[in-house]
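As they're listed, the protein sequences go chains G and Z. Residues 1 to 331 in this note's numbering are what the first sequence spells out, letter by letter. Residues 332 to 645 in this note's numbering are what the second sequence spells out, letter by letter.
Just so you know, these hints were derived from the structure itself, not from any lab. One or more hints might be untrue.
Said to hold, decoys possible - Think about it this way: if two alpha-carbon atoms lie no more than 25 Å apart in a straight line, the pair counts; the simulated SDA-like pairs of lysine to any residue are:
1) Z/K595 with G/D99
2) Z/K590 with G/F251
3) Z/K422 with Z/Q445
4) Z/K367 with Z/L462
5) Z/K519 with G/V49
6) Z/K523 with G/V49
7) G/K28 with G/Y308
8) Z/K519 with G/S307
9) Z/K390 with Z/K637
10) Z/K474 with G/N306
11) Z/K595 with G/G105
12) Z/K523 with G/Q310
13) Z/K596 with G/G175
14) G/K28 with G/F41
15) Z/K523 with Z/A506
16) Z/K637 with G/S163
Treat the numbers as computed from the prediction; the structure is a model and nothing was measured.
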Amino acid sequence: MREGRLLRAIAAPWARLTRAQSLLWARKWGTLVGFAALVIFFSLLRPSVFPTVQNWSNIIEQVATLAIVSVMVTAVMVTGDFDLSVGALASLAGVVAVDLMANHGVPVMLAILIALLVGVVGGAMNGLLVAYGGLSAFVATLATMTAYGGVALLYTDGATLFSGIPESFRWLGQGDVAGIPTPVIVMLVMVFLAWLLMEHTVFGRRLYAIGGNAEASYLVGIAVQRLRLAAFVLSGFGAALSGVILASRLFSAHPQAGNPFMLGAAAAVFLGATAFREGEPHVLGTVLGVLIMGVLGNGLNILGVNSYIQSILTGVIIVLAVLISSLSRRR
Amino acid sequence: MRIGLRLPFLTLVAAAALLAACAAPPPAAAPGAPKKTIAVVTPYVANETTKYVIDRFRKEAEARGWQVTVTDTAGDFNLLVSRIKDAVTQKVDAIVLGMGDPAQMTQGLEAARQANIPVFGIDAGNAPGVLVNVTSDNASLGKLSAETLAKAIGERGSVIMFTHDPHPGVRARAAAAAETFAAYPNIKVIEKKHIEVPGPVDNARKITEDLLTAYPDNGAIAGIWAGWDEPALGAVQAALAAGRAEIKVVGVDGTDFAKAEIAKKGPFIASVAQDFDAMAAKTAELIGAYFNGKKPESEAILIPGKLVTAENAK
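Turn these sequences into a full structure, and let the hints steer you where they fit.
Next comes the structure, spelled out in structure tokens:
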């Protein structure tokens, strides 16, 4: 009898929640709870390995490149557009940077800057096609994805570039500052800048306005097309930055090395859109999405789960997250 | 209405002219016989090895006065089928598959068979419609690399294998390697991991990092066997970054970047090079014989591999 009372006391705050409130709660925090559940699950199964500082620094380093692409792609997805070309653009930027410094004697910093410029130009091209050419983002970036991927293959003649890379290039992908890996620092800076830009500037709020209703945004005087273009430029820049870091990390440039970023970034943004608020993409959600995918891959590897099953589980988790979010919104 | 039609029409004409300008000029026919044309189709040129063997084959073929076109579908097997059909439509004299599993191209192969165009595989695999496949003896590559690793770790300890079963060659290597390891009573294969393509270096690096975390003690992982050189490179990078240089890594293919890494005498101790020069030469030889009316004697020609270690890596 005493247990019964205790139970009621514990359950009381929950019992008071109406159905609508609990749905709201699930909508807001469900993805984070899911992430926590994954972490707890892996920690319980491999307590001496998974929840260690070393493993977590590993995970964070592993997701750094994907996080940089993803937070920048978020800008495009906030406006309701889509960018399929980020993977190809990352690959292209990586081979351009490495080729310039290894085969043409271009100083490392300059080679990196030129590679980033390639990303910016590639992004701008996407933006022009979508905002001013009137193509749907899906069609335009599908085309440029193929074209940029082709340029990377043509540029390298399909080969992997690995010889003659200056040692000083290693720092960007493999170095550290006070023990924190450089890619992680770059990631933190990019996440912070992206968050600041999207959540705390007029520019960012306008991107959300466009995503909410482009027509209305235009009518209230927002330069819709120019902002959509700007979002694609950000996305291209993020892709190029990741591609260059990846090339430094692998200390070689492969014309398709960055291609997996495209699906990874899309999945991260979709997962992230289910977190914290009304089903729209946002930077911190994307970071959570990237972390979920990173933890899932790492944890399943540590458990020794079959690689094919890992792919299935990743798919299932994305579907579940988005499904729960959309069902809870239907109320 | 006239004006309405004129612009699209002009655009079309302009586009056609542009395409015509871009297209290669027709080959100057050799006196006497028309020049033989060969279509090389591959899903994988962005792979160091495939690129090398196709380049070698092109040289061999062009030295014989044949005209060679190479089409890469960047991993897309469906598109590959279309490209084979295109080659059939163009009535080429022979089709060469540059790697890739022919079992995934049956439709294209069927079209070639109906048109009586011979299909030669370079390291592709055997399937109905493939006249002959010239390949490394993948089983011997897997065996040789696994034996080298087994010796290097003193015939004892835990081994991790990096595989890619959808590729028949890599699959055969892995099967032979697993068999080789099983013959050593003190060697245990603790993990078999599928490596994703594209992005095999980064993928292998991440998986290795995770496994190094899962098996943190020095000596908990004695060696890593990779089905080809790219995942071996990723494994080496992860081992070095984690300060676990005692782990021995072997790859297969003997690519240039692998040789460069092996020459450093680090964790990357060996790779087994396929003899691509011999493979390309043999394929060209078989095609030449076919043009002279002689069909290959067997449908699989196996070329043995060469071990690359710090001694002979440049």
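Problem set entry | Structure versus earlier hints, numbers of those that do not hold, lowest first | 7
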